[in-house]
Amino acid sequence: MNDGVNGVALAVFILFFLAVTVMGFLAARWRKAENEHSLDEWGLGGRSFGTWVTWFLLGGDLYTAYTFVAVPAAIYAAGAAGFFAVPYTILVYPLIFTFLPRLWSVSHKHGYVTTSDFVRGRFGSKGLSLAVAVTGILATMPYIALQLVGIQAVLDVMGVGGGEDTNWFVKDLPLLIAFGVLAAYTYSSGLRAPALIAFVKDTLIYIVIAVAIIYIPIKLGGFDDVFGAASEKYTAAKAGGLVPLEAGQWTYATLALGSALALFMYPHSITATLSSRSREVIRRNTTILPLYSLMLGLLALLGFMAIAAGVKVTNPQLAIPQLFEDMFPDWFAGVAFAAIGIGALVPAAIMSIAAANLFTRNIYKDFIKPDATPAQETKVSKLVSLLVKVGALVFVLTMDKTVAINFQLLGGIWILQTFPALVGGLFTRWFHRWALLAGWAVGMIYGTVAAYGVASPTQKHFGGSAKEIPGIGEIGYIGLTAFVLNVVVTVVLTFVLKALKAPDGVDETSPEDYTADAGDPGVQVELPPATAGKTH
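Start counting the sequence shown at 41; every next residue gets the next number (the numbering used here).
Bear in mind the hints are in silico, worked out from the structure with no lab data behind them. Check before you lean on any hint, since a few could be wrong.
Derived CB-CB ranges, DEER-like [what the hints assert, rightly or not]: (1) D264 <-> L285: 21 to 31 Å; (2) K500 <-> W371: 37 to 47 Å; (3) L135 <-> E320: 12 to 22 Å; (4) T438 <-> P551: 48 to 58 Å; (5) Q289 <-> N355: 21 to 31 Å; (6) V546 <-> T413: 16 to 26 Å; (7) A415 <-> I512: 45 to 55 Å; (8) W371 <-> G493: 40 to 50 Å; (9) I485 <-> V546: 25 to 35 Å; (10) L135 <-> F535: 25 to 35 Å.
List time: in silico DSS-like cross-link candidates among lysine-lysine, alpha-carbon distance up to 30 Å [stated by the list, open to error]: (11) K409 <-> K419; (12) K419 <-> K405; (13) K352 <-> K259; (14) K405 <-> K422.
By construction, the Cβ of each residue, glycine as well, lies at the ideal position given by its N, Cα and C atoms.
Turn these sequences into a full structure, and let the hints steer you where they fit.
Given below as structure tokens:
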């Protein structure tokens, strides 16, 4: 790693950063609405985005700086097991094809802004809605922190901020500036800012990956040498060569499946989805989003290249930025660093907006100020989006980076527990609201306690997301085990509660709402009444 600052790379990085900053502020004038003081406009871009804007927005939302840095870093450090991200992004698109159009339709018909809005309207339960909202906020916070970790990794490799002995303020000043800019244009432009910047972010990432997958192997002697060097390292480390060891195959499979189920439970994924202008936009996107999975597979190969290039870092998260620093000309290294940095800004903005919308609609409006006007909702959401980013920044600056990663894994365990209420509710009203709440609680408690008991070389608790599956004896993804317990409890209690004729809540939706499109007669956005779900 270079001791000094890479001036050329830094200059290119700053140039791109300034460009997207200007775009972020100008986005407030892009498709400007007559009434900007509503969550539909600030938090969902006016529900006006077409196929390509949505595609770039979802791509910028799901394929983040964390993806760019952490997926190949996992392969660099642990071997082929790090490829689990590739099959799970392949599994997820057929899955979401079945339920996202239904969620869009019912949300468009009733003016739902968040998944918790839908859960409250479907099951007539503010308690269940609150559980989904709190889970979404908790799961999103460490995810935002990881985007800042990605920016910090790039800054470290460029030599910005000085060494470990440098004053903390000077060392972290570049990250503080990046955070300040992100907070300002998100507050000003809402979802339109990351939607516009996503075009630049995704274009840069595709260019960098295309160049890297051709240029770096040529410099390293070809893919034979790249795979040979990786195989030698894994064999020497008894990591199973280029395939996972048999003992790790249950972990690999359950982590891939559990991650696929969880991905579109995250609030930011739903926020980007609901910003689309029609049901057909969602359907088209589920068919073209797999192009990003192709990119992800190529991106993962960078972990092998880092091994073949002899990259030596104490923190695996620095492996890919360091590979770019070592292999690319300085100017193109700056382009690659800009791709990672902007790849952090886009999802961080969407995540903070999504978390703020959850707080505003499902905590502030439901429990604090039921008569809040659209303008008040928007103001609160803007302020909360700032607080969420401040919390993520404090997390990054005060805790070890591996802690941020492990808490993001814990967030995945948590968010998966909202699947029965959200996806189940889109297809059936059979589940009882109290059973769903009990199942959620069991899944959350089991998942948290199990993850707390996992140790790693750097952490005594929350050191990973895999543990022995009760009754099977294999090591598997904790989130999927918790999800199975969640579903079992929900089903059993639903039978019991229905037998006892427990009050089932009021469903404000109707069957035709789930297939409605923007152009259908009688379809219009209507805000849910403040009293929706009052029976709980």
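Results of checking the hints against the structure:
no. : hint                      : result
1   : D264 <-> L285: 21 to 31 Å : 24 Å, holds
2   : K500 <-> W371: 37 to 47 Å : 44 Å, holds
3   : L135 <-> E320: 12 to 22 Å : 19 Å, holds
4   : T438 <-> P551: 48 to 58 Å : 50 Å, holds
5   : Q289 <-> N355: 21 to 31 Å : 28 Å, holds
6   : V546 <-> T413: 16 to 26 Å : 25 Å, holds
7   : A415 <-> I512: 45 to 55 Å : 53 Å, holds
8   : W371 <-> G493: 40 to 50 Å : 48 Å, holds
9   : I485 <-> V546: 25 to 35 Å : 29 Å, holds
10  : L135 <-> F535: 25 to 35 Å : 27 Å, holds
11  : K409 <-> K419             : 13 Å, holds
12  : K419 <-> K405             : 12 Å, holds
13  : K352 <-> K259             : 18 Å, holds
14  : K405 <-> K422             : 14 Å, holds
Checked against the numbered hints listed earlier, the structure breaks none of them; every hint is satisfied.
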